[in-house]
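Student: Residue numbers (this note's numbering), protein chains in the order written: chain A, 29 to 502; chain B, 2 to 1123.
If you're looking for bench data, these hints aren't it; they were derived computationally from the structure. Where a beta carbon is used, it is the ideal one built from N, C-alpha and C, also for glycine. You may find that some hints are simply not true.
As the list claims (entries may be wrong) - Some, not all, of what chain B presents toward chain A, calculated at C-beta under 7 Å:
1) G681
2) C919
3) F959
4) M985
Stated by the list, open to error - Per the computed footprint, the stretches of chain A lying under chain B, defined by three or more beta-carbons under 8 Å from a beta-carbon of chain B, are:
5) 105 to 114
6) 249 to 258
7) 286 to 300
8) 367 to 376
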Amino acid sequence: MAELTISEKIKAVNPAILPSIEPSKMPRRVLVEHDRDFRWITHKICNIVEEPTPRWWWVCFIVSILVASFTFVGLTYLVSTGVGVWGLANPVNWGWAIVNFVFWIGIGHAGTLISAILCLLKQQWRTSINRSAEAMTIFAVMCAGLFPLFHVGRVWFAWWLFPLPNANSIWPNFKSPLEWDVFAVSTYFTVSCLFWYMGMIPDLATIRDRAKAVWRKYFYGVLAMGWRNSNRHWQNYEMAYLLLAGLSTPLVLSVHTVVSFDFAVSLVPGWHTTIFPPYFVAGAIFSGFAMVLSLMLPLRAVYNLHDLVTQRHIDNMCKIILATGSMVGYGYAMEFFIAWYSASPYEGFTFINRAFGQYSWAYYIMITCNVISPQLFWSKWIRNNTTLVWIIVAFVNVGMWFERFVIVVTSLANDFLPSSWGYYSPTIVDIFTFFGTFGFFSALFLLFIRFLPLMPIGEIKAVIPQADPHRGHH
Amino acid sequence: MKSDNLNNDKENKMPQEETPNGRNYWRSLDELTGAPEFKQWLDREFPEGASEINGVDRRQFMKIMAASFALAGVGLAGCRQQTVNVLPYSKQPERIVPGVPIYYTSSMPSAKDNIPLLVETHDARPTKIEGNPSYLAYNGATDTFSQASILNLYDPDRAQRSMDNDKGKALSKAEVLDLFTYINHQFSETQGEGLAVLAEPSSSPTRARLVNEFKKKFPKAVWAEYDPTVDNSAEKVLGRFFQYSDPLADKMPDDFIRPQYHFENAKRILAIDSDFLHSEPGQLGNSRAFANARRVHTTKDASKMNRLYAVESNFTLTGGMADHRLRLPASHATAFTHLVAAEIFELAGWDSAVVDALRQKGSGLTVDHKWIKECARDLYDYRKQSLIIAGDDMPEDIHFLVMLMNNLLSAEGETVSYSKLPSDQAISIKELADLIKKGTIGTLVVLGGNPVYNAPADLNWPKLQKSINRVTHLSYYFNETSKLANEHIAANHYLESWGDGRAYDGTYVPVQPMILPLFDGFTELELLAKVLGLKDAEPYGLVRETFESMNPNISIEEWLGLGVLKNSEFPYVSFKISRSQVENFVERAETISVPQLSEDNLEVRLVLSNQVLDGRYNNNGWLQELPDPLTKLTWDNAISISPRLAKELTQKTGLPIVPKASLMNELGQLEHDANSFLRGKEQAFVAELTVNGKTVKGPLHVQPGLADYTLVIPVGYGRTVTGNVGSGTGFDAYPLSIGSINTPLVGARLKISDEIYELANTQEHWSMEGRAILRESTADDYAHNPDFVNKMGVESHSPAIYGTAKNDSLQKKVTEIPRGGSLYKTPDFTGAQQWGMSIDLNTCTGCNACVVACQSENNIPIIGKDQVLRGREMHWIRMDRYFSSNDNNTMEIPEDPQVSFMSMLCQHCELAPCETVCPVNATVHDESGLNVMAYNRCVGTRYCANNCPYKVRRFNFFDWNKREIDHFYEGPMGPSGMPELHKMQKNPNVTVRMRGVMEKCTFCVQRIEAAKINQRVKAKDSPDVMVPDGAIKTACQQVCPTESIVFGDVADANTRVSKLKGLDMNYSVLGYLNTRPRTTYLAKLRNPNPLMPDYYPLPNTRSEYEKRYGHGVPHEAEVSHN
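Could you build all of it, start to finish, from the sequences and the hints given here?
Tutor: Here you go:
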């Protein structure tokens, strides 16, 4: 940071000027509070993995598995019986499955954004949240992937979407946005996994080194891939991390852009909109950060991580939610404007129908949760109140689900020919299958908390003052 | 399975000797039936056994079927003595080419109009019914019922054997024949004392011959006929006029006189409660001739377009086609006809005595007299080219007046002729009932029909039938009447029987079997011959005898080959009306009472269902699932009420019978659907309807276009003894009927409960919302604005779709597919022939025949009410119905709407939006411009269906074909496999689709390919491989009575379809999307009379469009607000 320098001459002439022109230091809140040292950090984070399994973990885990079984049962029923067990029908051929897919994919955005973009932008506050956000991303993408896979009529042939040489010599249709989805989501999942795992290697080595039980030594030993903490290791690691960050950055933007193409490339009024890519990405980041907060706030409380996940982190995330929430709101307004400006009766009707038609209840849930509730984050008092923050981000998550519902369902239910207009409502199988994915997600996340380092130990150490003995002075 | 195969198959006889050391094959059905397990199967309690075939395993079924197939080669029809095993042909029989269907002529038996048919058979199994194009009046058209009748042949619920109900055991074929021989012996001595036969009316000359013999042999026996679908009152009144000069004489004339209409000559038509285009006999010929007089291709034709005035209480398809439609309760029709007659008589120069008398008679009626006056004047101005027609079910007075008026309009010989046909000379069911009450009938033979269910309720038929000693019922299904009979005799399907009949104009047509009877059934002719004790009771012989008695100039083989006997029409007769006859009539008739209808004094009309008719098609899944053209209801009937009445009832009861506004169509405009929908399912309030002390209970459906206080209820539902498909559908309205179902009932009251019944309605929204989807104009406007279709829709404002190529010829466009400024590569259509379709909205009446034809041709499954409620109906072609109101107000349900129909099927877009989005290339274009579906490649993402702007793609959400309707949700736990009988109906050239795949209209690709193969075979080495125009007819095109659908090669400028597409009224639906559909439409025209009080300068949908999205309605074209 450039510092204001005052020549010695002036200092000598008028020493009194100094206090008036030298700007006061605006101390940023530190990223690790209470001046914790390296040892404390190592111990704090490793202890989560090393301590005896707490009872609450078992309770949560068993409940999650039970809930996850709904998805399992629902999908088994679906595959054995037919897609008809869901509420889909003409004209709404995509219902909750695609809504859930976009919802989970959206949530999966914050992880890579935090790891990659904030890394490249040297936002040091990312360190204490990036690992869990990445884990969240991966698990969310897993939940998301279930839906487009299983929503097809003949899931046993879903592999035809992959460009595999097969006896039929038929390639997939590379013009189809669904095909792009396959590539976008699988690439995103692969890169996110790599990024996540690679970032964890030094920490896994730390746990390995601290392990007492033999199985732990082997388990973490294998995972740590022979990490010896050498300078060369660190050098390679830093470079690889940077490269992966660079690789992931476009993915953050591309995945949801491609997902939005599922809609934007079609010609259904309400889908066929050029604003979709940026507005979907903004929405994804919006919901992703909301989900990070939904997970981090309870974790912070349970494990007493207040020194590592500080109010500064919460503030930053709230502000991102505020910004992206406003962008999403702008998107909603712009859709209306364009629909009017296009002078197409079909477009115009679609948007009026969204706001005032048979699904207007969904539209107003969406507006309330996505546009109005994040505006509360203008208030510092609210940002400081973790309970309120947690409630608001829960609203955001609900709102973002409804946004996808509104886009997918209302556009299809009333499209071009009024003769075909219909109404879509989910069946109990739809509802339970979706509900179950929360159990699946939670179970994976609980396993992650239990067995893997929740935060990057090395990176956090790098942002505490002790890591920089010169305090910025060379 | 055919007559000529039956006898001369010596060379192909199968081995008949049993191999001594082989397996023990049963040699005959008798031997098989001797097996104890089979006996047990037969003896089980009826009617569970009726559906037993479901439970029979495949082997067992194949055994039975194999026997009948094999027998076809060796024995005579009906003879099952010898059994041989099925072996592959050792020598290929002549004319049977595996995979190539054989067509046989036949006709669909009916009381008035045997529709001539051509039946497609594959390996001797009929699969598809088409009209016989040799009968030029119908030109190959058929109706929904004949299309669907093939499904009855393969209905597992049909009666599979005769039953002795008293003993609860099955009757063998011999026992049944004994039974009828016994009747012959029993009554021969007593001259038939105590014997009565109740039959369905039939047009069959053979049957008429047997009936005459019956009357000769048993002079004291009673021959009665009843069929709720048949009303002879017009024929009777004209017959009496012809014979006795007195139409109101209380005598049965020897001959009936049937008016034969020539709509092709009629420029002005008034239909008085007549649905001559749809539900009345002869409708196929009527529709065809009417369409020919209505078809407009150029502005020159516009002035020649016919004009239809319709006056009706129900909303029929004829009313839908009308240029002026007056809603009038049926009970006011007589008065109305008198008023029209007064005008016509006046115009014809009759003196005021007659005119005033007529006017006086109708004076109780309050309608707009200007309507009547101008209508009459228009008709009179077009003397010799105008026609008045009254519904078959109208009172006799009306028929007489109509005949008089047509006479004054010089219509005879121009637009109507009168043909003479023998009267049925049967007593009515009412007279029979009186005889039964007197106790003079000891034995009643009921040949067909179902009087226990559908006889007029005031006869109390079930009780009467029970009072008879012995009732024997011949019936195709085990139904309500069979249940109360002593014996039930299984009947054969007409595709299994020999017979004959007459078309509406009298043309003599055969009923020819395609297949040996699948079960041990009988035909009416066979049993009658037994009763008469004829030595040769074989129906073929009987028909042959009748045929020969007509002194034909062709052989019977030629007749069967052609399917019609030319020049066998009923002879025409002509009338002379004398002044005194008219005066007699005018004096005799009393002043007509015109009941004042209101909410407390409602009129009820029982009508035949457009789906199940009088209930006889109740177990036919195709028909049950066919949406009614107007109400769009499936699987149920309902009490249709007018929007006016619905509003009044809503106010009175507080129940939302007219639903609350739910949909905003533009800012500030909240609009209703016509009926309440909750989550896409119609919520109908259940009401009790009481009239004359009789009450029925049924759901209410609000139907725009009804007379305000007329309730319309289709009969045929609510059957108590029916098959799996029909059970539990709708409610029975017959209990209301008095005398005849056709009599309008006055004095009804509705009591509405808050109970809700869900109706499976396939179209939720009634309005087109001013969108330029179905484009309409008036003949007059079209004459001045020939390119009006191009001035409508978004594309009229957006840049030209074809870019610089917009003025290129159709042929250039379809083969080169100009990019039109798009960056996207467009497909290459390199095929020599490019397929396309044109649909003329102007002549389409919305009769639904195309929907059933498509279902039959393309193996389209039915899915049941529950799935239709969920919106998953599978029809590849659907009939979109839009109502529009004259004040262009879409916020209120119109009371007096115009209706417009649009058949919507895959448009085969050249730039198909479905294709680009399919991730696995399962839907692609072929080189001849077809948008094809590769079912095997489809994984079922349904993206294509979402991206289809026409919403014509259909998804197999369940294994519709493999699972049963009530067991879809049981998945692998439910029963699996298609009944063997159903399999026999399937078209072997069309894939039966499994679950998880998308399907849609293919333009009948199997027919295209067959025609191509055919042409290549014909061409041999010559390069002449182009399929000639007209050689391919899609199933929907083939069946269409109005020839509204034309298919062909659009790369050839000389084909019919290319010429139609070159007309200025041709347009693409949603053309602005640049989908470039190969299916285009010709706009609909209406032809209103500017002098009429309800004149409209533009059709409602059009003025709605102009107001909302167009250029506004021109000032001089301001819509009148009457």
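Student: If a hint holds in the structure, say so; if it does not, say that too.
Tutor: Hints, verified against the model:
1. G681: holds (3 Å)
2. C919: holds (6 Å)
3. F959: holds (4 Å)
4. M985: Cβ of M985(B) sits 25 Å from chain A, so the hint is violated.
5. 105 to 114: holds (count 7)
6. 249 to 258: This one is violated; 0 residues, fewer than the three required, reach chain B with a Cβ under 8 Å.
7. 286 to 300: That given contact holds, which follows from 5 residues of the stretch 286 to 300 of chain A lying within Cβ reach (below 8 Å) of chain B.
8. 367 to 376: Our answer is that it holds, as 5 residues pass the Cβ test (under 8 Å) against chain B, meeting three.
Violated hints, in rising order: 4 and 6; the structure is consistent with all others.
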